[in-house]
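Got chain A; can you put chain B on it based on the hints?
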Amino acid sequence: MNHWIIVPIVLPALLAPFIVLTMRHDLLLQRVFSMAGAVALLAVALGLTAQAASGPAQLYELGNWRAPFGIVLVLDRLSALMVLLTSLLSVVVAIYAITSAWDTRGRHFHALFQFQLMGINGAFLTGDIFNLFVFFEVLLIASYGLMLHGGGAARMKAGVQYVVVNLAGSTLFLIAVGTIYGVTGTLNMADLAVKVPQIPAGDQALLRVGALLLLVVFAVKAALVPIHFWLPGTYANAPAPVAALFAVMTKVGAYSILRFFTLVFGDAAGDNAWLAADWLLPAALVTLIVGAAGVLGAKELSRLVCFSVVGSMGTLLTAIALFTPAATVAALFYMIHSTFATAALFLLADQISDRRGGAGGRLTTAPRFAQTGLLASLFFLAAIAMAGMPPMTGFLGKLMVLDSARSSDSMATIWTIILVTSLVSIVGFARAGSVIFWKSASLPDPVETAPSRPALPIAAASLMLAAMVGLAIFANPVTGYLETAAAELYSPTHYIRTVLGPEVVAEQR
Amino acid sequence: MELLVASGVGVMTAAGVYLLLRARTFPVIIGIALLSYAVNTFLFATGRLATNLPPVISDSANGYTDPLPQALVLTAIVISFGMTAVIVVLALRAYLEAGSDEVDTAEGERPGTGSSGDGAGTGGGAA
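Chains as they are written, first to last, in the UniProt record's numbering: chain A, 1 to 509; chain B, 1 to 127.
The following block holds chain B by itself, in its conformation from the complex:
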């Protein structure tokens, strides 16, 4: 089971990072969603993998599973869900206002700036 969970987390992270580095918003959003799945599974696994064990110490069971990572995952899921919603709306607004869904802004399209030569590093994260 360890191998399955570990490779699952690894593959999802790799796919997420690859999509995150694309130049258009849609793959980037999918990449972020994949990354958040990967990180949720990872957080869950930090409490060690245990099957059929209660999350409390009980005399009738022969062990327990750590409840704290489950609480952490719950928080992380809520936050990443909200953030995905925010970025979907934001990407739509940006697409409608700017007429393109490219994440990179180094195209001299900033009004009020004569040139974007000084911003060469700006789009580095997404380009």
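For reference, chain A alone in the conformation it holds in the complex:
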């Protein structure tokens, strides 16, 4: 058994209590260990991705228990990619949190940060639906702490809402898992894929209820309309590095939808095949519209970014909802891009609001501030990436999504909505940028004494932009990898055989 598979979970899980117990009074040590942990995680994730890219899916049986009875972790191309994406983001977030001194505004930032990474990585690697619930809880509990980091009345109130929504979501998750277990008698996803086609007709309705409830739970995480309402309030009030890290949290929801509904409710599921598609596509398209409307209507920079996140989740879920290999390649490519773009925008918005003094992030004119030119150009780059204009990866991603939608019955609707909402987002971002940078620059009394600020946080944000450029340059090998990943998703026999063993599949099919 390849023990590296569990390292992305165990490493932060050990590091976090170690940070709390032995170095809670020494910020410098916390920073060193947290940063080292993030870098080590990145190295492991790179190794795992290289392994996943060169071979078939690998199984890790916890406690050496055979698959349907014990909990398993599965490393395939998709999960390796998600772990890599998380660890890349975590390095940038760690650099930003340390250099911008966000981690001094409250206690235990680094411990919570590591717990958050543990939960996210666990959710990506697990092959068991109840274990997925547990890792969701781990990442949520850490995110409650991180979201409230720094305190303040507004953040506390937004935090209460966030916690309540997610507790309700967790309750739904349990009900869904209970229903599915009651019908199928298993919680292992590969075993579910085998059992679902054999469900007697009388239990079909119950199974559908369980599966669609699960879709609702994942949709809460992925901020799909009509259950997206928690996202703008939460992300706008969260500390900037945390909001940037949360960029990958919405992707956990998208990943879970993709994994669960291709594996369990794929072609083999008979009457229930592609159960999620009918619900997901309209909801995703409305999400796009709501996101674009929010971008246009936002009166505050971080809220504008929040709504652009909602919009990008709409694009991503539209591509997922098509449930074809080509659309999934597009979705995964867009997912990588939108994680980087979201993180870059949140970090830049924080830098800009921080420098504007009393005006903060409000979209009003304010005196010039330090490094206006640099921040303006970086914001411009991040905004065109998010809105989906060339030459950044957002354009490539959206182009792939549009191209893959050509074979769909609802092609006209999808094209119209994606193109119109892109235009609306461009207008929204252009309005924000021109108010903050151009109109402010023409104010009569520029403050020459605007103090210079450390440049390292800006460098951290630029790393995300550089990552996007890298993604654009290496788009060909990346899409090659994604094509194989998508092919794996749509022919899950190999995944099932890896988890359950060849004889089980042969006997049950």
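Keep in mind that the hints were calculated from the coordinates and are not lab data.
Misleading hints may appear alongside valid ones.
[Claimed, not checked] Computed, partial: chain B to chain A, Cβ under 7 Å:
| # | residue |
| --- | --- |
| 1 | 43 |
| 2 | 83 |
| 3 | 91 |
Ideal Cβ positions, reconstructed from N, Cα and C, are used throughout, including at glycine.
Below, chain B alone, put in the same frame as chain A:
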């Protein structure tokens, strides 16, 4: 017994959802607690209701009761207990810092935001 357990779960869920939709934190917390009781009972029942049967296969008994849902319920109880504690503390902090225990934030009370008109959907879950 099925009817009793099923209606118990149903009534608790209904009461929990009703309380969850109230605008103040205290009823919301009680609602979440009720929901977690309901879901724990529900999870327990997914292993089918059986009385006086051991949770292992034994020759001396004429059947067995599924042990897995019991393990799941145990996990769910621990998590929901911890989360209730977190939200109680959080609600207290929010009350002390903001001076009101309303869950909704669409009152223009966010410092640093000129208006909350763009956040009209924010409080939708709790209002």
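Cross-check of the supplied hints:
no., hint, result
1, 43, "holds (5 Å)"
2, 83, "holds (6 Å)"
3, 91, "holds (6 Å)"
Going down the numbered hints, you'll see the structure goes against none, and every one checks out.
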